[in-house]
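Q: Chain by chain, the residues:
There are 4 protein chains.
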Amino acid sequence: MIVVMKAGAGEPEVNAVLDRIEEMGLQAHLSRGEQRTVVGVIGRKPDGLADRLMAMDGVERVVPILQPYKLASREFRPESSRVRVGAVEIGGPEIVVIAGPCSVESLEQLLETAQAVGEAGAALLRGGAFKPRTSPYAFQGLAEQGLKLLAQTRAQTGLGVVTEVLSPAEVELVAAHADMLQVGARNMQNFPLLREVGRSRRPVLLKRGLSATIEEWLMAAEYVMSEGNHQVVLCERGIRTFETATRNTLDLSAVPVVKERSHLPVVVDPSHGTGYWSLVAPMALAAVAAGADGLLVEVHPRPDQALSDGPQSLKPDRFAQMMEGVRAVARSVGRSVA
Amino acid sequence: MIVVMKAGAGEPEVNAVLDRIEEMGLQAHLSRGEQRTVVGVIGRKPDGLADRLMAMDGVERVVPILQPYKLASREFRPESSRVRVGAVEIGGPEIVVIAGPCSVESLEQLLETAQAVGEAGAALLRGGAFKPRTSPYAFQGLAEQGLKLLAQTRAQTGLGVVTEVLSPAEVELVAAHADMLQVGARNMQNFPLLREVGRSRRPVLLKRGLSATIEEWLMAAEYVMSEGNHQVVLCERGIRTFETATRNTLDLSAVPVVKERSHLPVVVDPSHGTGYWSLVAPMALAAVAAGADGLLVEVHPRPDQALSDGPQSLKPDRFAQMMEGVRAVARSVGRSVA
Amino acid sequence: MIVVMKAGAGEPEVNAVLDRIEEMGLQAHLSRGEQRTVVGVIGRKPDGLADRLMAMDGVERVVPILQPYKLASREFRPESSRVRVGAVEIGGPEIVVIAGPCSVESLEQLLETAQAVGEAGAALLRGGAFKPRTSPYAFQGLAEQGLKLLAQTRAQTGLGVVTEVLSPAEVELVAAHADMLQVGARNMQNFPLLREVGRSRRPVLLKRGLSATIEEWLMAAEYVMSEGNHQVVLCERGIRTFETATRNTLDLSAVPVVKERSHLPVVVDPSHGTGYWSLVAPMALAAVAAGADGLLVEVHPRPDQALSDGPQSLKPDRFAQMMEGVRAVARSVGRSVA
Amino acid sequence: MIVVMKAGAGEPEVNAVLDRIEEMGLQAHLSRGEQRTVVGVIGRKPDGLADRLMAMDGVERVVPILQPYKLASREFRPESSRVRVGAVEIGGPEIVVIAGPCSVESLEQLLETAQAVGEAGAALLRGGAFKPRTSPYAFQGLAEQGLKLLAQTRAQTGLGVVTEVLSPAEVELVAAHADMLQVGARNMQNFPLLREVGRSRRPVLLKRGLSATIEEWLMAAEYVMSEGNHQVVLCERGIRTFETATRNTLDLSAVPVVKERSHLPVVVDPSHGTGYWSLVAPMALAAVAAGADGLLVEVHPRPDQALSDGPQSLKPDRFAQMMEGVRAVARSVGRSVA
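Residue numbers (our numbering), protein chains in the order written: chain A, 1 to 338; chain B, 1 to 338; chain C, 1 to 338; chain D, 1 to 338.
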């Protein structure tokens, strides 16, 4: 940690900073430049130190040197992690495609979709039973009934199930039916929920928040991991920008950035990332080329009757076509599809 | 609702849209321009209609005409709402200042701060017992013990208490001790939490999400109100932009925009909105000039020892000085300080 | 164009809007819903009509139906355009890689780089002679001398030259030496410059502005084309967001969006788009997978001595390695490298 | 400047950095922490050093300590600057209101507006003769004829004239007619234009770019000042965010931030900052409360016939009403209106 003093800071202010650092059992390293005095802080910093130094008189800025996450960092664990979900492994050489409808609507809809995506090469089934909807008047999901339909579909198709959990109180229920717990973008900083899925034994799919920095996203992973659950897969799903031609701006550069900073697997959701089905296939291919470990794709047999997210849902035949492209690009970067 | 057909859309596609609209018991109003065919939809639209029409073949775009919130809209209730919190009323002619520390740290700290801000003119006390922190290793608040200290401080100072609630399961506990429940920016779309505070009888201070549009913010208010609790006060606290000189970008234009679209009171938090104490007073004055109904300001007797948010906390004497400015600007726009 | 009247708009206000529309020789199409009156405007709208209607009493909103660009739109020209630069064609089945240093520094540096990138498969050479620098104290480029070095390098290597032009007065000079004129991100709305390159016969590489929407970018292309120069290639180079781990956020979804809306070729600059050389190769591959017609990549033989943009410049051997990946991904999507 | 080495950086990499720093005649200050080695660089840094160090092997990050602008900084000139325009001074105790139409349309329109705003208390007249328009088909301004109408209006009303200049070649012409040269948001990083107005003797109104950081804005001022023209007034006019309820997001916190970092005066444009006339007055008042030295406001006698920006233009009577509010708020913060 580096403390930059203001241009006009005098001896008493510099000394107060040095004293404070030493009181904490840390070493201060003073360096006087022509225009600024700078103090390096060496040793294990207690939480909140930066803010407390920043609030002292004469301090212009405090610059952290280390990233704030530990368990999630590649420095902590240099080899890449693999997360097992049902029969598949995310983070290995194989690309894992998770597909299915936005919302679970009925057994028929779910089964039809699951069979179609399974045949086309999806390894896991997605489907929402608890739906976070912007409007209180919108369809909120089938709740526990939806979970049961998911479990039933797994029994019939063999596809492991990924579904979202919205509140700490429902984690146990969802974990009883699902193979992987999804934490949605709007809940990326719902800290009680992160702690609760951290206490679960289920792997977690952690979506990036709508305006979360990559650092904050890794800190959210840290919350889950700090409770003992290290089976975290990150999911890039687009961030909010000024652009209106797409629902969000899919930040594919997050894939190689995460790979440099963290050992956790990262998958990409081109459906929410773009908002329009015609953009899903090109961005799915791009995600694979950028190094993603998997894809999360919305598929619905009849998008114009979907209870949510129809405009961004692929029909099964278009999904199958996309999967051919995914396989070809995967091969070109030395990978295959699970 | 207006459905814009694609340039190349033919009769069968237009007819399918017309049929779908009529099947729903709505009226379709066809209008053929030189380059596009447009269909107006008249009548009470079922939830999700826009997405379903948008997913039909030949449809380019669906343009909603009405705002999606009802109870929160000024169209629903033309006169401005007032929300009573303890002895004060937010949304009337008087500007209500809510001040106190970011976190409740000890009875001594809280009492000292409460007395100082009360003397300087604050009408309500803020203080966090449950703290949403970016890092799992940071101080997470005193929890129930913090709530008791807040209640004790209210007993001694007479100041009503505003404090944050983080999860649905804690709403009842927090409501038992506090006069107003704060929903933080990171929870603005935590829908189970919104529903739960909507079932409480306590007034709610609803912060704008870090990257929430004003429409989404009003939809969050709609969630609370749709459960029966109409005592909602909105709080602008800065949005996320590319600017790094401030912690957030305080969007003061949200104040007059909200006043046009909604009847709900709106207050401004210049502490989180800027992140630096030296910017708090100018932005507090600006907020009052822009028409805000109140302010939410962080004050700490010793910011350089605060367990959170020290850099943006005012010392009591600087808060008192700010309040003189607030009173003067309030008078200049025909208002006074509660 | 659709005019939405306010909830409270009365007959006189609606009639004034109808009269105004008819005065302009246009047809008005009135539609009264339960909560709003809406007026469709049919016919060829004069420039500025939306603003003038929007400023009328009782008008809530004016919704345009058509995109504002014409020559650049795919509706105007359904088949994809190809732009010839020297011996290569951008926009056809072959992917065109443009590579070279950020700044032209010396003949030696330029020749060394050109030979290396040419051997590795680049089809065109980039290099800046006029440099737009954030600081007036930074290296501003070799100006005319730099142009001469570029022309000399073309003579020796056979690679066509792409270089930036900063002001209308220099267009003729730059066009005399270069094969393609680059308009930089900061000049995307420098309208006199756009008009001037529109009067030139050289093809134009038009970078997307730092915070430009795709629509504004296509409008900038329209400026160039409206002067008679239809040889425009668009270049996505990252947009500004809150993320700080990358210099910009490379918006690859712009590639398929542009392909839907326009017939113009689109290339991607992963160097400026990310800001760090280690992210360039994955994003270059992703760009090709997303459907880009080419790449613009910064290469420098000694990045730690570069006069600009060293951190995002690839060394020649890393560029050669990237090109192998580009070729493989290109093949996987049915294309090849020029 | 601080160089942070990567976790795995070894002796040879650290030594190479130390050598490079000493080769440049600078002092290196080595500090080894538990997890990172950090090198402080002391002495006058040559341009581009940070990028060159950043491109060296083993370097993780380079952190600048000083701001990159000099002449524009308050460190360079602690007392606030005042800029004289015609008979008025911007940056002193008096708030200067600049008002007028977006575009100069006719002598009649200009005179009518000038008389109205002058009577209501505006000190300077604004009006565009060269208009930067998003569409090549939109009204582009009356050009030289517009400048003459402005000069004529000044002769009749005594109000000094502020008008925009779009290209370096037109600076001399515009300076011959206007009292102050406006550089628009889209040209904030048009460096040849900044240099040219820097060589003029006219004061410059420098608008903040659509997505410019405050640091980049001050660097743009530095460009003008580095050519010898120190008469620069900054103008906040809103930045681009995801919010769509306003045309831009007016960043009023930029006012106190600029006041801390620079000695230059700063004014606010609530017309472009919001895009809707009903939001202009509240934001104008807020700007004054935040400490702005002036306002730039669009006024048109008949907004529904304006050739540009009608929706955000105030009618003269509403402008007069706003001015009463401005005067009251100015008094409340110890200032008056020029």
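Take these hints with a grain of salt, some might be off.
As the list claims (entries may be wrong) - If you want a taste of the chain C side facing chain A, the calculated C-beta under 10 Å gives, among others:
#, residue
1, 107
2, 111
3, 112
4, 115
5, 143
6, 145
7, 152
8, 156
9, 158
10, 211
11, 251
12, 279
13, 284
Treat the hints as calculated values from the structure; they're not laboratory data. Values in this document were obtained by computation on a predicted structure and should not be read as measured data. Each residue gets a CB set at the ideal place from its N, CA and C atoms; glycine is no exception.
Q: Against this structure, judge whether each hint is valid.
A: Outcome of the hint check:
Hint on residue 107(C) is violated. Least Cβ distance to chain A is approximately 34 Å, over the 10 Å limit. Below 10 Å, beta-carbon pairs count as interface contacts, and residue 111(C) has none with chain A, the closest being about 32 Å; its hint is therefore violated. Interface restraint check for residue 112(C): the shortest CB-CB distance to chain A comes to about 28 Å, outside 10 Å, so the restraint is violated. Taking 10 Å as the C-beta contact cut-off toward chain A, the hint placing residue 115(C) at the interface is violated, the least distance being around 28 Å.
A hinted interface residue such as residue 143(C) counts as satisfied when its beta carbon comes closer than 10 Å to some beta carbon of chain A; here the least separation is about 32 Å, so the hint is violated. Because the closest C-beta pair between residue 145(C) and chain A is about 35 Å apart, greater than 10 Å, the hint is violated. Because the beta carbon of residue 152(C) sits about 36 Å from the nearest beta carbon in chain A, more than 10 Å, this interface hint is broken. Violation of the interface hint for residue 156(C) is found here, the shortest Cβ-Cβ separation to chain A being roughly 34 Å, above the 10 Å cut-off.
Because the closest C-beta pair between residue 158(C) and chain A is about 29 Å apart, greater than 10 Å, the hint is violated. With a least beta-carbon distance of about 6 Å to chain A, the hint placing residue 211(C) at the interface is held under the 10 Å criterion. For the restraint placing residue 251(C) at the interface with chain A, the shortest Cβ-Cβ distance is roughly 5 Å, inside the 10 Å limit, so the hint holds. A distance limit of 10 Å between C-beta atoms decides the matter here; for residue 279(C) the minimum to chain A is near 5 Å, and the interface restraint holds.
Evaluation of the residue 284(C) hint against chain A yields a held restraint, the C-beta minimum of about 9 Å falling below 10 Å.
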